[in-house]
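**Student:** Going down the list, the sequences are from chains F and R.
Just so we're aligned, residue 1 is where the first sequence starts under our numbering, counting upward by one.
Just so we're aligned, residue 1 is where the second sequence starts under our numbering, counting upward by one.
Just so you know, the hints here were simulated from the structure itself, not pulled from any lab data.
Here the structure is a predicted model, which is why all the values come from computation and not from measurement.
Errors might be hidden in some of the hints.
[As the list claims (entries may be wrong)] Pairwise CB distance ranges, derived in the manner of DEER restraints: (1) C45/R - R204/F: 49 to 55 Å; (2) W209/F - P110/R: 47 to 53 Å; (3) M108/R - D19/F: 15 to 21 Å; (4) S72/F - W207/R: 30 to 36 Å; (5) Y144/R - D116/F: 46 to 52 Å; (6) P107/R - Y144/F: 14 to 20 Å; (7) R111/F - A25/R: 34 to 40 Å.
[Claimed, not checked] Okay, the calculated bits of chain F under chain R, using three or more residues with CB under 8 Å as the criterion: (8) 121-132; (9) 150-156.
[Unchecked claim] Here are a few chain F residues that sit away from chain R, every Cβ distance over 12 Å (derived from the structure): (10) F35; (11) V71; (12) T80; (13) T90; (14) C118.
Cβ coordinates follow ideal geometry from the N, Cα and C atoms, glycine included.
Now for the letters of each chain:
Number of protein chains: 2
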Amino acid sequence: GLAKLLRKQFGKYNVILSDIRKPPAHVYQSGPFIFSDILDYKNLCEIVVNNRISWLIHYSALLSAVGEANVSLARDVNITGLHNVLDVATEHGLRLFIPSTIGAFGPMSPRNPNPDLCIQRPRTIYEVSKVHAELMGEYYHHRYGLDFRCLRYPGIISADSQPGGGTTAEYVILSHLYLSFQIVSVLFLVADSWPMVFDDSNARSDWGWKHNYGLPELIQTMLNFTGSNFRMLRAN
Amino acid sequence: GLAKLLRKQFGKYNVILSDIRKPPAHVYQSGPFIFSDILDYKNLCEIVVNNRISWLIHYSALLSAVGEANVSLARDVNITGLHNVLDVATEHGLRLFIPSTIGAFGPMSPRNPNPDLCIQRPRTIYEVSKVHAELMGEYYHHRYGLDFRCLRYPGIISADSQPGGGTTAEYVILSHLYLSFQIVSVLFLVADSWPMVFDDSNARSDWGWKHNYGLPELIQTMLNFTGSNFRMLRAN
Numbered sequence: 001g002l003a004k005l006l007r008k009q010f011g012k013y014n015v016i017l018s019d020i021r022k023p024p025a026h027v028y029q030s031g032p033f034i035f036s037d038i039l040d041y042k043n044l045c046e047i048v049v050n051n052r053i054s055w056l057i058h059y060s061a062l063l064s065a066v067g068e069a070n071v072s073l074a075r076d077v078n079i080t081g082l083h084n085v086l087d088v089a090t091e092h093g094l095r096l097f098i099p100s101t102i103g104a105f106g107p108m109s110p111r112n113p114n115p116d117l118c119i120q121r122p123r124t125i126y127e128v129s130k131v132h133a134e135l136m137g138e139y140y141h142h143r144y145g146l147d148f149r150c151l152r153y154p155g156i157i158s159a160d161s162q163p164g165g166g167t168t169a170e171y172v173i174l175s176h177l178y179l180s181f182q183i184v185s186v187l188f189l190v191a192d193s194w195p196m197v198f199d200d201s202n203a204r205s206d207w208g209w210k211h212n213y214g215l216p217e218l219i220q221t222m223l224n225f226t227g228s229n230f231r232m233l234r235a236n
Numbered sequence: 001g002l003a004k005l006l007r008k009q010f011g012k013y014n015v016i017l018s019d020i021r022k023p024p025a026h027v028y029q030s031g032p033f034i035f036s037d038i039l040d041y042k043n044l045c046e047i048v049v050n051n052r053i054s055w056l057i058h059y060s061a062l063l064s065a066v067g068e069a070n071v072s073l074a075r076d077v078n079i080t081g082l083h084n085v086l087d088v089a090t091e092h093g094l095r096l097f098i099p100s101t102i103g104a105f106g107p108m109s110p111r112n113p114n115p116d117l118c119i120q121r122p123r124t125i126y127e128v129s130k131v132h133a134e135l136m137g138e139y140y141h142h143r144y145g146l147d148f149r150c151l152r153y154p155g156i157i158s159a160d161s162q163p164g165g166g167t168t169a170e171y172v173i174l175s176h177l178y179l180s181f182q183i184v185s186v187l188f189l190v191a192d193s194w195p196m197v198f199d200d201s202n203a204r205s206d207w208g209w210k211h212n213y214g215l216p217e218l219i220q221t222m223l224n225f226t227g228s229n230f231r232m233l234r235a236n
């Protein structure tokens, strides 16, 4: 995952992971891990000051399926938590990264191609809160000069780590079942109102985005990671 | 204003006004008025239950200029207050009206004509919170069946009441100064990135919207109301 890559580049002790839950043993052993409650502003400030934090990567959120099952908690974590993070980053001059989602578009957005800027009328509390995160981040940038960055992730299919919940969880299960056919078909199974083709020309010109893996390399890499499970499933 | 029209139609005692501040004497005398704090959820429930409320018209907000001067309070009133109102309306089966604003579009939206559904990337906390209100209202409608209605108001120039603050306040002042030229020019003075022409075809077909006043009738009506102040200004 991201933490592993960051620690490789910046040093194990320069990247602190946090959660409100105890992680598995191998996470504790891999580097610094502390308690952090996104809804406790003082706790966030304390962590920033005590650890001389300069970058903040904010992943806390209840995703689509989990959020719909608990709208009130999703609103707290995804919106109040966002506000706390924006404030702590602004107050302490941190650089802030918050991911958004392709779900931030919604059924009325153009799907093929899908431009960066278009109609955004999504239909879940998770997606609505991500539109809010995009707008608030831009607002804090213009208003306070906050260095805010955001990327709209598609559903992430991970071979080496389990996702926290939501649609992404379905991907992992589905990817194990369908990988032999075509990875792309999984996307349509889960959310057929989502964008089909992204126009990534802004990302290519603004910050030099380019993909490292084509579809064949992607499938090969996934098979290398999940090989044993996958073969077992296909054997059935 | 709206309260006067509603009381005329539904009866003086069937429309309750509220605020966290004491209103002027003539407001007290015009019908029921009570304390209501949008940030106190229990207080909202109490009012709804004790008064058998069935419709809720939610105007509490810090507008553009005032909001920028106090972002934290604007976020509380405009976003947390919104969430409280959505919850109380859903919980008690109220019909809910919340105005939005033409400021909910932003500098990247098409201006001429301006469609209902398009890019919305506004740049003030007030406008960002109104995009959030639109999306949350739609979400609560789809998720819980809430009867949520929303209208995007332009800057409102009132002849018979003073606005609460924000850009609208500038309008009243400007309208007194510029009314002799052309009322439309005021809009460009205040916010020249705002939409120029609205495509109101959806409103006309969805709920029979039509205008009662053209520009000549509008100016005549305003002059009748503000005649004395206006003549005084022009005399200088």
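**Student:** Give a verdict on every hint.
**Tutor:** Against the structure, the hints:
no. : hint                        : in the structure
1   : C45/R - R204/F: 49 to 55 Å  : holds, 52 Å
2   : W209/F - P110/R: 47 to 53 Å : violated, 27 Å
3   : M108/R - D19/F: 15 to 21 Å  : violated, 37 Å
4   : S72/F - W207/R: 30 to 36 Å  : holds, 31 Å
5   : Y144/R - D116/F: 46 to 52 Å : violated, 31 Å
6   : P107/R - Y144/F: 14 to 20 Å : holds, 19 Å
7   : R111/F - A25/R: 34 to 40 Å  : violated, 58 Å
8   : 121-132                     : holds (count 8)
9   : 150-156                     : violated (count 0)
10  : F35                         : holds, 26 Å
11  : V71                         : violated, 7 Å
12  : T80                         : violated, 8 Å
13  : T90                         : violated, 10 Å
14  : C118                        : violated, 6 Å
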